[in-house]
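Asks: The residues making up each chain are set out below.
There are 2 protein chains.
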Amino acid sequence: MNPAVVDSILTSRSRYLDELTRFIAIPSVSALPEHAADTRACAGWLADHMTAVGLQNVRVIDTPGHPVVYGDWLNAPGAPTVLFYGHYDVQPVDPLDQWVSPPFEATVRDNELFARGATDDKGQLFVHLKALEAHLSKTGTLPINARVILEGEEEIGSPNLDQFIRDHKAELACDVVVVSDSPMFEKGVPSICYGLRGLSYFQIDLRGSTTDLHSGSFGGAVANPAFVLAQMLAQMKDRGGHVKIPGFYDDVRELTEREREEFKRLPFNEKQYRKNLGAPRLHGETGYSTLERTWARPTFEVNGLLSGFTGEGSKTVIPATAMAKISMRLVPDQDPDKIAGLFEAYVKKVAPKSVDLKVTRMHGGKPWMTGLDNPYVQAAARAIELGFNRAPVYTREGGSIPIVATFQTELNAPTVLFGLGTPDENAHAPNEKLDLDHFYGGILASAYLYEEIAKTRG
Amino acid sequence: MNPAVVDSILTSRSRYLDELTRFIAIPSVSALPEHAADTRACAGWLADHMTAVGLQNVRVIDTPGHPVVYGDWLNAPGAPTVLFYGHYDVQPVDPLDQWVSPPFEATVRDNELFARGATDDKGQLFVHLKALEAHLSKTGTLPINARVILEGEEEIGSPNLDQFIRDHKAELACDVVVVSDSPMFEKGVPSICYGLRGLSYFQIDLRGSTTDLHSGSFGGAVANPAFVLAQMLAQMKDRGGHVKIPGFYDDVRELTEREREEFKRLPFNEKQYRKNLGAPRLHGETGYSTLERTWARPTFEVNGLLSGFTGEGSKTVIPATAMAKISMRLVPDQDPDKIAGLFEAYVKKVAPKSVDLKVTRMHGGKPWMTGLDNPYVQAAARAIELGFNRAPVYTREGGSIPIVATFQTELNAPTVLFGLGTPDENAHAPNEKLDLDHFYGGILASAYLYEEIAKTRG
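Going down the list, the sequences are from chains A and B. Here the first sequence stands for residues 1 to 458, numbered as in my numbering. Here the second sequence stands for residues 1 to 458, numbered as in my numbering.
There's no promise every hint is true.
It does not matter which identical chain is meant; a pair holds if it fits inside one copy or across any two.
Cut-off 27 angstroms, straight-line C-alpha distance, at most; resulting in silico cross-link-like pairs (DSSO-like, lysine-lysine) [what the hints assert, rightly or not]:
| no. | residue 1 | residue 2 |
| --- | --- | --- |
| 1 | LYS348 | LYS244 |
| 2 | LYS169 | LYS138 |
| 3 | LYS455 | LYS358 |
| 4 | LYS244 | LYS349 |
| 5 | LYS353 | LYS244 |
| 6 | LYS244 | LYS275 |
| 7 | LYS264 | LYS187 |
| 8 | LYS348 | LYS275 |
| 9 | LYS358 | LYS338 |
| 10 | LYS187 | LYS455 |
| 11 | LYS275 | LYS353 |
Worth flagging that the hints you see were computed from the coordinates, not collected in a lab.
Pulled out of the complex, with its shape left as it was, chain A reads as follows (with noise of 0.2 angstroms):
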């Protein structure tokens, strides 16, 4: 490569720092009414670095929700096409009382950046901004053609991004995707990941009584919806983890033994993983370890509940309604559409007759997987041995990226999982993080990739 382009990636480290900063200022928050306004802001200033960093035909593109942001530099004929991408929204910052600096003025502390979308998505979208940046720059030039596609609605399941993709094919042909939007297996360990889970999101609400009723002259006689739906969630899992709704498994596609003997060789310590996470006890499906829990098994989980009287103190009440989000974790080759047709199904058999059910359909997104072996992964592989001085570890994710199953449906394009997070990132969470030697590394291994997937066609 161009020492040029590497001098400049060494010697740039504190305005990438500055400019990331400011990047993370702007509280695009997709889920909440309040921050649309700023989400759209954020677009706009993306769209302006964009530019600002070489590349064309930059676009802000409307879209029925947030905006999708779009730039390419395409004048390298016969070289293969790159598209980058990511999310500049982020998750809302609730509980704020918990944050240790405010989640919009990003933070360094031991070398690492706190924020909210430090690490998911903003700090790592930007590190392939600032490796085309190094390149355009310095050389004037790419050994690759780029485009670049930044939605604004991926924490809140990128219900427009599919019709987007759908709409734009032509523009947006390409020959990989990359995107940088998982966490490495370990901090300094880095990581190309193979596997993404799926989700299916529902709403559950019940309702047993016009109003809530004195729990002294009417208990007895009527079903109680929050004891209901405590029936009801508990029919859902059995006591080995194992999810009882009929049919859930027939599509999951069972762990091979090469994979099971890769994942026990990763430097992963349970006990530790425990106590950072302030668990008593890690618990999930008999016959599965760990990771083997959270990569390539499905899941059910209640991820919130509210009934009735929740103030401190007692107040004698029968809630006239019980409410229950709720989200399963799929991996191929679950649908999405096919489990929640079998969890509605469900749900309605298990409801007694006592109480009035609805349950809402809320998002969902495909699993995902490639294969070890395609000559982009391999490509990816060396970049990141040059990028960071370590070759790359093989892993999957439990988190998901439903887009990336769109791009291997629409655009016929493999997806390279280049992650540059960490497994305590905090992300969806208070004090979410990014480790800064990663964000350097990744600019640095961004770059070497360019010419490492030029090398694939040749």
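The hints should help you fit chain B onto chain A, whose structure is shown.
Replies: Structure of chain B alone, referenced to chain A:
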């Protein structure tokens, strides 16, 4: 009875209503710290009113919580002494937006008085003050000795009243206690209630991790406290509505054949009852009728649930904590302390080691039952027939008046439950109300009661 007393009662109705309206206007919500001054002001108003009524030795007596108001008239040597008990505190009013008229502005619609405290218990206790007033103002005397004790903490479980009674045993010595704090069986069907349920109230708190966790990254590896809570609650009752806590039914006095027969004869319209509640179906313990379930069988109820994300939309978290408010209604001869011990032991048994468990005892009250052939109960039956021109039916009640058990234990006095509410009175809910025929009829019956009680000794 002296015709002047009867005449006074029949001609003072609008004054009674005006006075009750002023009593109700003081928002004596004992559960809410912001109403502590109002609750004390209400005690002061009541003391002034009791003095005006002709009672003697009237005092506002401090407790560690809200004060007790006491007054007496003890100038009938040799006659029985009747202790009138009631409470001047009321339940919170939330949800406020469901009230048709403001909760502390008593409003008459269709001969019913709507207000917080209209029936529970300001309106009902006021009945006896007005009957005492009618005798004292027209005859200057009473056929009985009277003591009146009105507390300000009934709606928060009377935490200080037991001690108060133990500390003032001599001053409270009596032959019988009269309490009006329960509904009639049906509007216009005067009733004497001979049994009440007790209560045992708890809060359960579970913790599974230090903070909320990303359900993708960690889903499958740790116990979900919201799901664990559901599993634990589901183990508290079986499909037939039987409580599964070992030993829970050991001390339950089974219904006698006579009781079951009498309950069957009551004019109970199950279809209308269900419709009034807005319940899709009635549901309860197998083998018992609705009246048996609510009057004579113990219950297990979830009063509140809170965990994780409960706002609009979706958030993919594994909650760090989950909370449930739980209460059990108890019947003779269950003991709240013994039940609390059984419950705590069972909760600990069913809680997995993957979560930290905290159980908090909130409050409890003993169940109670008296004999139908008690001479004071029979005196009350005659007074009711005179006041309402209809013989009373005998019922039990699902709610709790914990103090009734204390009167039996500490003062060795039976209690007559002289209920004047209606089953649809909305106690503890929006639009609480009192039937005005019950209010006026109750004053007349109470006035007759003193002579009927006087006859029991002689």
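Asks: When Cα atoms must be at most 27 angstroms apart, do LYS348 and LYS244 count as within-copy, between-copy, both, or neither?
Replies: Cα proximity of LYS348 and LYS244: in one copy and across copies (14 angstroms, 25 angstroms).
Asks: At most 27 angstroms between CA atoms: does that hold for LYS353 and LYS244 within a copy, between copies, both, or neither?
Replies: Both: 21 angstroms inside a chain and 22 angstroms across chains, each within 27 angstroms.
Asks: As a check of your reading, is LYS169 near LYS138 (CA-CA no more than 27 angstroms) within one copy, between copies, both or neither?
Replies: So LYS169 and LYS138 fail the 27 angstroms test inside a copy (31 angstroms) and across (95 angstroms) alike.
Asks: Between the shortest in-copy and the shortest cross-copy C-alpha distance, which are at most 27 angstroms for LYS187 and LYS455: within, between, both, or neither?
Replies: neither (29 angstroms within a copy, 89 angstroms between copies)
Asks: What label fits LYS275 with LYS353 when the C-alpha limit is 27 angstroms: within, between, both, or neither?
Replies: Between copies only: 15 angstroms across chains, 44 angstroms inside a chain, cut-off 27 angstroms.
Asks: For the identical chains here, do LYS244 and LYS349 meet the 27 angstroms Cα criterion within one copy, between copies, both, or neither?
Replies: both (12 angstroms within a copy, 24 angstroms between copies)
Asks: One pair to classify: LYS244 and LYS275, alpha carbons no more than 27 angstroms apart. Within, between, both, or neither?
Replies: Classified as neither: same-chain Cα gap 30 angstroms, cross-chain 35 angstroms, threshold 27 angstroms.
Asks: State whether the alpha carbon distance between LYS358 and LYS338 is at most 27 angstroms within one copy, between copies, both, or neither.
Replies: Answer is within; shortest intra-copy Cα gap is 19 angstroms, inter-copy 39 angstroms.
Asks: Should LYS455 paired with LYS358 be assigned to within, between, both, or neither, using CA atoms and 27 angstroms as the limit?
Replies: neither (55 angstroms within a copy, 61 angstroms between copies)
Asks: With identical chains, the pair LYS264 and LYS187 could be close in the same copy or across copies; at 27 angstroms between alpha carbons, which is it: within, between, both, or neither?
Replies: within (18 angstroms within a copy, 72 angstroms between copies)
Asks: Within a copy, between copies, both or neither: which one fits LYS348 and LYS275 at a CA-CA cutoff of 27 angstroms?
Replies: between (39 angstroms within a copy, 23 angstroms between copies)
Figure legend: structure checked against the earlier numbered hints; hints not met, in rising order: 2, 3, 6, 10.
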